[in-house]
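> For reference, the chains in residue letters:
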Amino acid sequence: MAKRKATVSISECVACGCCIKVCPRNAIAIPNGVYANIDKELCIGCGKCAKECPASIITLEVTEA
Amino acid sequence: MKEKKKWYDYLWIVSLTYLILGFFNILFAWLGLLCFFIPLLIAAIKGNKAYCNKYCGRGQLFSLVGGRFGLSRKKDIPKWMKSKYFRYGFLIFFFAMFFVMLWNTWLVFDGTRTLSTAVTLLWTFKLPWHWAYHGTLFSDGAAQFAFGFYSVMLTSTVLGFLTMVLFKPRSWCVYCPMGTMTQLICKAKNVTLSQKH
Ligand code: SF4
Ligand code: SF4
Ligand code: SF4
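The listed protein sequences derive, respectively, from chains R and V. If you read the first sequence in my numbering, its first letter stands for residue 1, the second for the next number, and so on. If you read the second sequence in my numbering, its first letter stands for residue 1, the second for the next number, and so on.
Hints in this document: simulated from the structure, not taken from any laboratory. Ideal Cβ placement from N, Cα and C applies to all residues, glycine included. One should not assume that every hint holds.
Each computed SDA-like pair below joins lysine to any residue, with the alpha-carbon atoms no more than 20 angstroms apart [claimed, not checked]:
#1 40(R) / 60(R)
#2 46(V) / 4(R)
#3 46(V) / 31(R)
#4 21(R) / 10(V)
#5 48(R) / 16(V)
#6 54(V) / 177(V)
#7 5(V) / 29(R)
#8 21(R) / 54(V)
#9 187(V) / 48(R)
#10 21(R) / 55(V)
#11 4(V) / 46(V)
#12 74(V) / 12(R)
#13 84(V) / 32(R)
With the Cβ distance kept under 7 angstroms, some of the chain V side facing chain R (calculated, not the full set) [stated by the list, open to error]:
#14 52
#15 76
#16 79
#17 112
#18 173
#19 186
Build the full structure now, drawing on both the sequences and the hints.
Quick look at the structure:
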């Protein structure tokens with residue numbers, strides 16, 4: 001079954017970090033203060049970050065494998 | 001599976017206290033300079049947005065009121081509000097207004113103008129605020145700056161609450177001038193970093 005993972009629209013990200021705070025897997029980091037980076041290994045596709053993101057720029061995308 | 005709350009998860013109390021203190025003694029407004037310089041210093045020195053991501057009490061306040069207390073429609077913010085034009089445009093406007101405020105402060109410092117004990121909301125509405133003024137030990141200019149700076153803080157809080165109610169709780173973070181500026185600093189730092197390697 002294809003799994004869905006959170007994907008950030010990097011150019012629109014404001015790096016506020018709201019997504020970090022709600023992720024149950026601690027899969028998100030904003031290492032350089034420019035955009036959020038999601039660790040696809042950790043992400044379980046729960047969608048909490050997408051709901052929280054004030055810019056609504058996180059989508060859940062089907063990834064391979 | 002919620003993580004344990006850290007000390008900095010309570011900084012919203014500081015932000016709230018700040019807003020309340022301004023109703024009692026306007027001179028407390030000076031403390032607001034901290035949430036001006038700390039984020040900039042973190043961005044300039046560390047090259048990250050740890051201030052937004054961890055410490056910003058204002059953001060936490062919006063999460064709390066809009067999220068936990070549910071005072072938000074939780075709708076998507078309109079596309080134009082998250083565009084770079086609007087975000088950078090708002091940053092420029094905000095700073096232009098900030099310099100106007102500094103100029104007015106200067107005029108009081110050098111005695112051209114007398115102290116105006118009003119708080120200006122949304123750069124337009126003058127609210128009488130004399131009841132929070134009990135004199136100053138320093139120049140009248142120091143008090144004028146407090147009124148001006150508190151106006152900036154109150155205006156951004158009102159705008160933030162407005163977009164919190166209309167859109168998602170932390171919609172303010174999309175166009176927050178401090179957030180935009182720290183992100184720009186981080187961008188600039190990363191360009192220089194990648195050129196070094
Ligand atoms: S979808 Fe869930 S697990 Fe994946 S990054 Fe978002 S909050 Fe974390
Ligand atoms: S919540 Fe949205 S805008 Fe904020 S850092 Fe996460 S992805 Fe970026
Ligand atoms: S964007 Fe502004 S309000 Fe939001 S966390 Fe950063 S400094 Fe605070």
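> Take a quick look at whether residue 84(V) and residue 32(R) sit within 20 angstroms of each other, Cα to Cα.
holds, 19 angstroms
> Please work out if residue 40(R) and residue 60(R) have their alpha carbons no farther apart than 20 angstroms.
holds, 11 angstroms
> Residue 21(R) and residue 54(V): Cα distance at most 20 angstroms?
holds, 9 angstroms
> At a threshold of 7 angstroms, is the proposed contact between residue 186(V) and chain R supported by beta-carbon distances?
holds, 3 angstroms
> Is the hint on residue 173(V) kept, meaning its closest Cβ partner in chain R is under 7 angstroms away?
For residue 173(V), the interface hint holds, since the closest Cβ of chain R sits about 4 angstroms away, which is under 7 angstroms.
> With a cut-off of 20 angstroms on the C-alpha distance, tell me whether residue 187(V) and residue 48(R) pass.
violated, 27 angstroms
> Next pair to validate is residue 46(V) with residue 4(R); report whether the Cα-Cα distance is within 20 angstroms.
violated, 34 angstroms
> Answer holds if the nearest beta-carbon of chain R is closer than 7 angstroms to that of residue 52(V); otherwise answer violated.
At about 5 angstroms, which falls below the 7 angstroms cut-off, the nearest Cβ of chain R leaves the hint on residue 52(V) intact, so it holds.
> Holds or violated: residue 76(V) as interface residue toward chain R, Cβ cutoff 7 angstroms?
Because about 4 angstroms separates residue 76(V) from the closest Cβ in chain R, which is inside the 7 angstroms limit, the hint holds.
> Within 20 angstroms, alpha carbon to alpha carbon, are residue 4(V) and residue 46(V)?
Violated, at about 25 angstroms.
> Does the nearest C-beta of chain R fall within a distance shorter than 7 angstroms of the C-beta of residue 79(V)?
violated, 10 angstroms
> For a C-alpha distance cap of 20 angstroms, please report whether residue 5(V) and residue 29(R) respect it.
holds, 18 angstroms
When each numbered hint is compared with the structure, violations occur for hints 2, 5, 9, 11, 16 and 17.
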